[in-house]
Amino acid sequence: MRVISVEEGRPKIEATILQSGLLRGIEVTNIVTYSSIPREQGGAIYTEGKGVIMTKNSDDNNETATWTGQGIAHYSGQTRRDVGSIFCRTSSNGKLAFLNNMVGVFEYESEEHGTSKGKIWEWK
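The end of the sequence shown is residue 123 by numbering that gives the first Met the number 0, with every number in the run present.
Simulated from the structure, these hints should not be mistaken for lab results. Some hints here could point you the wrong way.
Said to hold, decoys possible - Here are the computed lysine-lysine pairs in the DSBU-like style, where the Cα-Cα straight-line distance is at most 35 Å: (1) LYS94 with LYS49; (2) LYS11 with LYS55; (3) LYS11 with LYS123; (4) LYS123 with LYS94; (5) LYS55 with LYS118; (6) LYS116 with LYS94; (7) LYS49 with LYS123; (8) LYS49 with LYS116; (9) LYS49 with LYS11; (10) LYS49 with LYS118; (11) LYS118 with LYS94; (12) LYS11 with LYS118; (13) LYS55 with LYS94; (14) LYS11 with LYS116; (15) LYS123 with LYS55; (16) LYS55 with LYS116.
Since we're looking at a predicted model, the values are computed, not measured.
I would like the entire structure built from these sequences, with the hints used as guidance.
What follows is the structure, encoded as structure tokens:
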């Protein structure tokens, strides 16, 4: 993590994380870089990020897709819950082709010890 700026007395903090999981049954790795800025009231945190999704199986020709997103996070005890929107793009003609120009909404929960789980719903 690093502080990349201070805006109106509030720190803008950047972090990069590595996630693994399933996306429509496809094993993927997601490299995420996001920044967070606490809001002045209510405990909300504004977040924005970008990333690259890569297939794990070499039989998939190492397909990739990129994404950008933004959302709002709140803490409840040791759990952080993020909700927001995501915009995907890929030139893949294979298993990740469904991500090209996809707009989605997401919900993620992450625990202090590093585990996270999330869902993305395509907005049609």
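Checklist entry - Is LYS11 close enough to LYS116, meaning Cα to Cα at most 35 Å? => result Holds. LYS11 to LYS116 sits at ~24 Å (cutoff 35 Å).
Next on the checklist: Checking one constraint from the list: CA of LYS116 to CA of LYS94, max 35 Å. Satisfied?
Outcome noted: Holds. LYS116 to LYS94 sits at ~22 Å (cutoff 35 Å).
Checklist entry - Does the structure keep LYS11 and LYS55 at a Cα separation of 35 Å or less? => result 32 Å, holds
Next on the checklist: Would the hint linking LYS49 and LYS118 be met if the CA-CA limit is 35 Å?
Outcome noted: 16 Å, holds
Next on the checklist: So if I understand the rule, the pair passes when the alpha-carbon distance is 35 Å or less; does LYS55 with LYS116 pass?
Outcome noted: Holds: LYS55 and LYS116 sit about 18 Å apart, inside 35 Å.
Checklist entry - Going straight from one Cα to the other, do LYS11 and LYS123 come out at no more than 35 Å? => result Cα-Cα ~32 Å, so holds.
Checklist entry - For the pair supplied as a hint, LYS118 and LYS94, is the alpha-carbon distance within the 35 Å limit? => result 18 Å, holds
Checklist entry - Quick one, are LYS49 and LYS11 close enough, alpha carbons at most 35 Å? => result Cα-Cα ~15 Å, so holds.
Checklist entry - Holds or violated: are the alpha carbons of LYS55 and LYS94 at most 35 Å from each other? => result 12 Å, holds
Next on the checklist: So if I understand the rule, the pair passes when the alpha-carbon distance is 35 Å or less; does LYS94 with LYS49 pass?
Outcome noted: 21 Å, holds
Item to check | 35 Å limit on alpha-carbon distance, applied to hinted pair LYS11 and LYS118 | outcome: 25 Å, holds
Item to check | Satisfaction of hint between LYS94 and LYS123, Cα-Cα up to 35 Å | outcome: Cα-Cα ~19 Å, so holds.
When each numbered hint is compared with the structure, no violation occurs for any of them.
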